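Given these sequences and hints, build the entire structure.
Residues per chain, in single letters:
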Amino acid sequence: MPRLTTGLLRHARSIDPLLTLLLRPCRDISSAQNELRWLREHAIKLEQNVNTRARVSGWRVLLRRLVAERARGKPLQYVMGSEYFGELEIACRPGVLIPRQETAASITCLADRLSRAKTLPSELRVLDLCTGTGCIPLLFQYQFWKTYQDEVSLHLLGVDVSSIAIQLANYNLRRLLKERQWQLQNRKMHGRSVQDLWGNKKLKSEVAAFQNTAFLLADVLVDPLSMTDHDPMPLKPAMQFTNKPPFWDVLISNPPYISPAAFNHTTARSVRAFEPKIALVPPSELDTPDVEQGDKFYPRLLTIADEVKVQLCLFEVADLNQAIRVARMVRDSSSWDGVEIWRDYPELANEHEEDRLHDGFEVIGQGNGRSVVCWRGRGAEWLSRANDVRSDRRRSSRIGA
Amino acid sequence: MRGAPWICRPCLIRALRPLSRRHARFQSNAAANPESISPALLSRAHALAAEHSQLAQKLANGFDARAAKKLGEISAVANALKEWEKANESLTELRTLIRDPSTDDELRSLASDDVASSAEQLDQAAQALTTSLVPKHPFASLPCLIEIRPGAGGSEAAIFAGDLLRMYQAYCSRIGLRTALLKYENADGLPESDSPLSEAVLEIESEGAYGTFRCEAGVHRVQRVPATETKGRTHTSAASVLVLPSFPSEGSGEMEDFDNPESDYYIDPKEVRTDIMRARGAGGQHVNTTDSAVRLTHLPTNTVVSIQDSRSQPKNREKAWQLLRSRIAQARREKREEEMVAMRRSVVGVAKMGRGDKVRTYNWGQQRVTDHRSGLTVHDLTDVMGGGHTLEKVMESVRTWLIERDIEAVIAGDEINGDK
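Keeping their order, the protein sequence lines are chains P and R. Following UniProt numbering, the numbering of the first sequence begins with 1 at its first residue and continues without gaps. Following UniProt numbering, the numbering of the second sequence begins with 1 at its first residue and continues without gaps.
Note that these hints are calculated values from the structure, not bench results. Hints should not be assumed to be uniformly reliable.
[What the hints assert, rightly or not] When the alpha-carbon atoms are kept at most 30 Å apart in a straight line, the in silico DSBU-like pairs for lysine-lysine are as follows:
(1) P:K188 with R:K319
(2) P:K118 with R:K270
(3) R:K58 with R:K70
(4) P:K296 with P:K277
(5) R:K270 with P:K146
From a predicted model like this one, the values you see are computed outputs, not experimental measurements.
Structural data, given as structure tokens:
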């Protein structure tokens, strides 16, 4: 990391003495100014909040403490205790992975596509493995109800191996549910117009979906047959134990996907120092190649997808190379009708037309390769890919070959 | 013994002069004969009618929204042409009947009775056809602003300008148009109504007012003995009248219809490039960036909006879109205002403030109002100045004249296109 120049530090100091501290993690003046502004707003909010007021002795003191924490490299999201995931504010705590904007972009895109689908089952079940803060199921249903207009009952289940994560996910769920219920009550008391009625309907379905959302402590990676007394329980027994339905429609997962070598070399310092390694790197095994260790979750995820009979899958990956490796796994398993790779911002048009094909896989959007999407049966319709079923068939025949 | 009474020579000459020439005016460009339709216009009508029947056939086979719209646009022309052809045919039939020596006298007298009425019918049909062919003025459906300023002639011109303003106000109140006096300044710069006028702006808020008052723009000349004149001499002075379409003030409502392509706020999403400040390197789980800046670039105008206020990227994006929309709308409005200014300049430029380039003369001595464009002369000056039916008649004649000019322009345009 290049040194911060004295000129830059002096310039920062002339704007605000606290900026010099924030320059350490931010490295440039404009993002440091943004973070300082957010921290200041946060400190003022804490001072005014009834619950936290007692612990705060003036926002200036608090701000200095927060900036000092941030200067040590602690992620801003942990310092402030929340991160925006899409349009939702999700609580974050140390020990649980901070939701990433790229994940939000692909989940938004997926939910938008599904909400525009013409034929959905009357009960749509969405399973999210390695859920962390619970951000994926929460954003999915929020985004889904934004555009979807018909009656459908949405069931969501988030699974994680960490009990802190499950606690936090449940906290996030309760918080959002309470917020929606409060809004609904407020509207019932004041709203009269047609627009309000439409808003009410949307809020009601959101509340219903939140009530149909659950989080489950289970280990995704463990094979249920190999070990019997494992803590936490493997996914399948855990689902049976808590009376969850055995079959699901959509599987989403943002599993740990960084290989040990990449963790040491490519991750940001604050990620390495402050975020849980268990959420970033798959559990290591001796004498397996590094790349294979990074990909460790995906074969298991595909097996689970077959077991719970999902029609549509979205897996987040690290980059285009890993995306192609995962897409090959999908192709080799030959139980899928089609597969494509989404970049960071799949709703944007490709920057270059020649970018669209990599190793025979369609790549859409802009940015790094970010997720692998595969489907079978009615999943193609849900993805609004019904119009090119023929090309899917061609592709599936290629997969078969 | 009485001889023939003596008659002075001028009286003799006057008696011998043909009666019809006595009041003829040579300086006005009188209206063209409305009965005849120029061949260019007729051929255009025929072409449109052919297209009409083609479209009707196409629509009989299957519905097509664009064809249906086009059909609705030109069906008026086709119907008018049909009417005209029918009237034309019946008139020629009657004429041949009269000319034919073999028809008996009773039939001939009946036919000659009918000729007058069918000639009138043809006349009407021709009028309808021309109006249906002429493109409607793009601003005709808008409200308008009338600006009145005294021209050459000193305080007498200012008094006459005040007279004109009262004339238009009376006219509007008679036919039921809503008006509002936006600005009234007398010669001393005071907003008092009885002293001479230096500038007045009258807004006519009713829809379509621009179409009604478009014909009034120009220099109005007055010939009378002014109130300020002590020796009883007739003066000629002028006042200029500007007529501008008044555009509805868009942007006054908070909620604009973004999806309506007519709206100033409409932006085609394809014309906007979105730049998101992406994490350097791998992204995803590798970094926990807090960069949420969004930059939008509107490609046709190269307008750039960058927002990084909120920690939430979607919120920033929404804000950026809002800002971009209002900036583009602002630019569009400014451009339109510039066009209006250019139009105003051109009006002022054409209608110079002198007495020479007048469009209408109000002559108090002869109690006469003459419009120099349509060539119409009426003699009920009091009724005109009171905004009565006579003024309506004069304005109507000018509108007809304007339509003819428009037709000429259309034909000229067609000829140019045909040459190409």
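Task: Hint consistency between K270 (chain R) and K146 (chain P) [alpha-carbon to alpha-carbon, up to 30 Å] - done: Given that 30 Å is the threshold and the Cα spacing comes to 23 Å, the pair holds.
- [ ] Would you check the hint for K58 (chain R) and K70 (chain R), treating anything up to 30 Å between C-alpha atoms as holding?
- [x] Judged against 30 Å, a Cα distance of about 12 Å means the pair holds.
Task: Satisfaction of hint between K270 (chain R) and K118 (chain P), Cα-Cα up to 30 Å - done: Between K118 (chain P) and K270 (chain R) the Cα gap is close to 25 Å, so the pair holds against 30 Å.
Task: Hinted pair K188 (chain P) and K319 (chain R), Cα distance within 30 Å - done: holds, 29 Å
Open item on the list: Would the hint linking K296 (chain P) and K277 (chain P) be met if the CA-CA limit is 30 Å?
Closed with: holds, 15 Å
This entry satisfies every hint, going by the numbered hints stated previously.
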